[in-house]
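Asks: The residues making up each chain are set out below.
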Amino acid sequence: MARIETKLAERGLTLPQPLVLPPGVALPFPEVNLRGNRAYVSGAGPLNDDGSLAGPFGKVGVDVSVEDAAALAQKTGLAILAGLKRELGDLDRITGWCRVFGMVNCDPGFQQQPAVINGFSHLILDLFGPEVGRHARSAVGMAALPMRIAVEIEAELEIAPAVA
Amino acid sequence: MARIETKLAERGLTLPQPLVLPPGVALPFPEVNLRGNRAYVSGAGPLNDDGSLAGPFGKVGVDVSVEDAAALAQKTGLAILAGLKRELGDLDRITGWCRVFGMVNCDPGFQQQPAVINGFSHLILDLFGPEVGRHARSAVGMAALPMRIAVEIEAELEIAPAVA
Amino acid sequence: MARIETKLAERGLTLPQPLVLPPGVALPFPEVNLRGNRAYVSGAGPLNDDGSLAGPFGKVGVDVSVEDAAALAQKTGLAILAGLKRELGDLDRITGWCRVFGMVNCDPGFQQQPAVINGFSHLILDLFGPEVGRHARSAVGMAALPMRIAVEIEAELEIAPAVA
Chain A
1 MARIETKLAE RGLTLPQPLV LPPGVALPFP EVNLRGNRAY VSGAGPLNDD
51 GSLAGPFGKV GVDVSVEDAA ALAQKTGLAI LAGLKRELGD LDRITGWCRV
101 FGMVNCDPGF QQQPAVINGF SHLILDLFGP EVGRHARSAV GMAALPMRIA
151 VEIEAELEIA PAVA
Chain B
1001 MARIETKLAE RGLTLPQPLV LPPGVALPFP EVNLRGNRAY VSGAGPLNDD
1051 GSLAGPFGKV GVDVSVEDAA ALAQKTGLAI LAGLKRELGD LDRITGWCRV
1101 FGMVNCDPGF QQQPAVINGF SHLILDLFGP EVGRHARSAV GMAALPMRIA
1151 VEIEAELEIA PAVA
Chain C
2001 MARIETKLAE RGLTLPQPLV LPPGVALPFP EVNLRGNRAY VSGAGPLNDD
2051 GSLAGPFGKV GVDVSVEDAA ALAQKTGLAI LAGLKRELGD LDRITGWCRV
2101 FGMVNCDPGF QQQPAVINGF SHLILDLFGP EVGRHARSAV GMAALPMRIA
2151 VEIEAELEIA PAVA
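Residue numbers (the working numbering), protein chains in the order written: chain A, 1 to 164; chain B, 1001 to 1164; chain C, 2001 to 2164.
Chain A on its own, in the form it takes in the complex:
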């Protein structure tokens, strides 16, 4: 029971609190949107345990090292899992990852986006295994991201119905 959460605990990983928005920012949409057997995950950034946005901030390759950015991608994964748990009740209802779109805030010369987003993919594969955790992925460079976060990830998953 609670297979994925047991794995998180075994690895010493914790799910952060819900995003605490900076003053003046309003986000009129849910972190996860369930429609039929699909969960659409809104673009998420890395969070500290208290739900504040996690730094370092700015451009990967200039303000943020590739290693730090990969750690931020892992934190983004934990933030997404926290949102999925709030929406689904149980992370074991996830039957398959479909699509992951990994966005890296970077300058025009940066070309290591895959190494950054691997911080997310390795987490998902470690927790869910190769069959459920398998995901199509893009990892690309954005001109800018909200509130100068270094990494943002959106995703689509396949979900089993809730057990009555």
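These are calculated hints, taken from the structure and not from any lab test. The reader is advised that the hints may include incorrect statements.
As the list claims (entries may be wrong) - Stretch-level coverage of chain B by chain C, calculated; a stretch enters the list once three of its residues show a Cβ under 8 angstroms from a Cβ in chain C: (1) 1016–1030; (2) 1040–1048; (3) 1101–1115; (4) 1139–1151.
Cβ atoms here follow ideal geometry from the backbone N, Cα and C, with glycine treated the same way.
On the provided structure of chain A, position chains B and C as indicated by the hints.
Replies: Frame of chain A, contents of chains B and C only:
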């Protein structure tokens, strides 16, 4: 009947004519692609009532204010609804918004993408309400957009079959 | 039988070998992820016949002409078809293209992304025809792409079950 169009009329909002392409631009794809119970909406920009691309054009934060860009995001929403109406016949066939990808043409230092795309989200929530209108969303900064439009939005929706 | 592959042969087009990664790059995800009746295609770039990344590399409009970039978009289409064939066994199992997200590596002033991604769309429409090949599309400008590729495309398709 025609619940969504009644709401549009009550708010004094009109759906624009189909996109009139600038000379030399060809777009070999539909504005909306129906597959099963999903409508995939091609990346759309803001339109004037006559179907011409709506300005101001260029980079949000430099050439276009955040307030003007939010108004362009609303216009993009109306352009998308116009395309959905042409494809579906009736906007009331929309049973749920799934995913919205909001793209803002901006410089590397811009960080208010959510405030821009809120112009779209507020329109959709106002017209469709919190259950049908609920959408997962990303709002991110692009290096450049076609024909220097300031905002582009793509989306995926859940659709009911046409009534015979 | 093998209708799409017959068309490829008639046009003198060949599918490239699987992507050969540059040293030090690891991609822990499949090129195509099947879930139910959907195939999610990971962000792909243009390949040479031997699976090496195809140039020219860099920014379209500066390092790469629009014409060369459109040819790279066609090559990206062939790379995606090669991945779909490996996963599906038979390209004729594709019953409908859903969504295509076309990313162009470019400077902030570039605005001809549609002309570039048309190299992909024309290939798909030519091979699959207007009903199956029809796709929703965005064509947008990215700050940077992995390994300086000029074009990257991700997609979602509808797939028929394998015949036993």
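Asks: Does each hint hold? Answer for all of them.
Replies: Going down the list of hints, with the structure as the test:
For a cut-off of 8 angstroms, the count of residues in the segment 1016–1030 of chain B with a CB near a CB of chain C stands at 6, and the three-residue condition holds. Beta-carbon proximity to chain C at under 8 angstroms applies to 4 residues in the segment 1040–1048 of chain B; the threshold of 3 is reached and the given coverage holds. Check result for the segment 1101–1115 of chain B against chain C: holds, 4 residues qualifying (beta carbon to beta carbon below 8 angstroms, three or more required). Interface restraint, the segment 1139–1151 of chain B with chain C: holds (7 residues with C-beta to C-beta distance below 8 angstroms; minimum three).
The structure shown violates none of the earlier numbered hints.
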